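Trainee: As a plain string of letters, each chain reads:
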Amino acid sequence: MTVNSNLVIVDTACANLSSVRFAFERLGVMPEVTANAERIRSADKVILPGVGTAQAAMRNLQQLELVEVLKQLEQPVLGICLGMQLLTNWSAEGNVDCLGVIPARTLRMQAQELPLPHMGWNTVEARDSNPLLANISPQQAWFYFVHSYAVAPDNATIATCDYGQTFAAMIRHNNFFGAQFHPERSGAAGAQLLKNFLELTDVNTRA
Amino acid sequence: MLAKRIIPCLDVRNGEVVKGVQFRNHEVIGAIEPLAEQYAQAGADELVFYDITASADARVVDKSWVERIARVIDIPFTVAGGISSITQAQEILAMGADKISINSPALRNPELINTLVEEFGQQCIVIGIDSFYNSETNTYDVYQFTGDESRTQKTTWQTRDWLREVVARGAGEIVLNCMNQDGVRKGYDIEQLCALRNDCPVPLIASGGAGSIEHFHDVFTLAKVDGALAASVFHKGIIAIPTLKQSLIDAGIAVRPA
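Residue numbers (this note's numbering), protein chains in the order written: chain A, 54 to 260; chain B, 1024 to 1281.
Just so you know, these hints were derived from the structure itself, not from any lab. None of the values given here were measured: they were computed from a predicted structure. From the three backbone atoms N, C-alpha and C, an ideal C-beta is built for every residue, glycine too. Just so you know, nobody snuck in bad clues.
Covered by chain B, according to a simulated footprint, are these stretches of chain A (three or more residues, beta-carbon under 8 angstroms):
| # | segment |
| --- | --- |
| 1 | 74-82 |
| 2 | 95-106 |
| 3 | 172-186 |
| 4 | 233-245 |
Let's have the full structure, built from the sequences with the hints guiding it.
Mentor: What follows is the structure, encoded as structure tokens:
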């Protein structure tokens, strides 16, 4: 497999790092889990995982002095779940300013009478050209979600999902990508998405 | 559309998968990792691992297998068993578990639910409730320490009250184990699940009683649960997950194809 192995997973401490690391290891890649600014800057690709609350995660990134480091990255970055929400301008979860590298806002889900959190497998519909959903047919595009906050669909949305409302399942601005679901826990479709991320080239990430 | 979840439950004791009838007489089913992998490949949507001796023995679940499972499977899984502190929860989540499920320790110290939710987020805190229908008093009673028959005891909680309590404290999902039905394969407790569905604004998972494909149809269409958990029908090969899922799809129930 010709995949780039200079992959860094940002050690956000509050995140569920292991399952993300194992998912890449199943693809034959050994990522480095680190909070070291230099290592993150020099990586070819960066994963920002996330489990927990936006407020706690942002506080964590500030303590690790990683806020500016992450904002200035120019290589492909993939935020997963809370990690995606951290890429937006702001989250209603704790009314907290986030990294602001993708022009979007994270709001509490309005799921009508449906149970929250939105938990389980749901289908995702790609918008425009979405390099991360390459080689995944619409019939195969089932992914595992667990969240109560979501990004409202707007210009940065590259895939949508429905649960009482339509929300952004994936977002993207330049080199920054976000997935609200957990590709590391989404079977074959998730593995393909991670593989697609590893295979992104500069052509995919230029504005 | 959000899929209804099929969730094989693997009761773990001393590092092996076991299954008892009505929480008793446990027999060994097999090693954990091959079973976990087999279920993931067959199309299970999620797995639950209960260390059934943990709470009764007042020790935390033996954790080494959590990481081994996380390495091999690519679907979410929940770990339950004697988790009673932030440190224990942190360790299990860090090893790759997606959710932790709390049962007896939450009954002992309900404040634990709030603490865990605050620390790790609502989405990974599941509360398991063991509920027994007492026909003499016509009440649903909550039991604890059900992993060990000699220590199993009725609590002062009735199921509806405890359900409301744990939801108010931030539980992200409820697994309702209907003890009268457990392991006897006569069908899920539709009546109880229907009665409690409206009290449960978070995902509700039915547990106990699955014996046929029809039982899954019933629990999804009649009780409107989000997921159905089962053990013996899967472990004994009575129901194959791909067959089950196709049958549900044919009936128009939203399910992720196996």
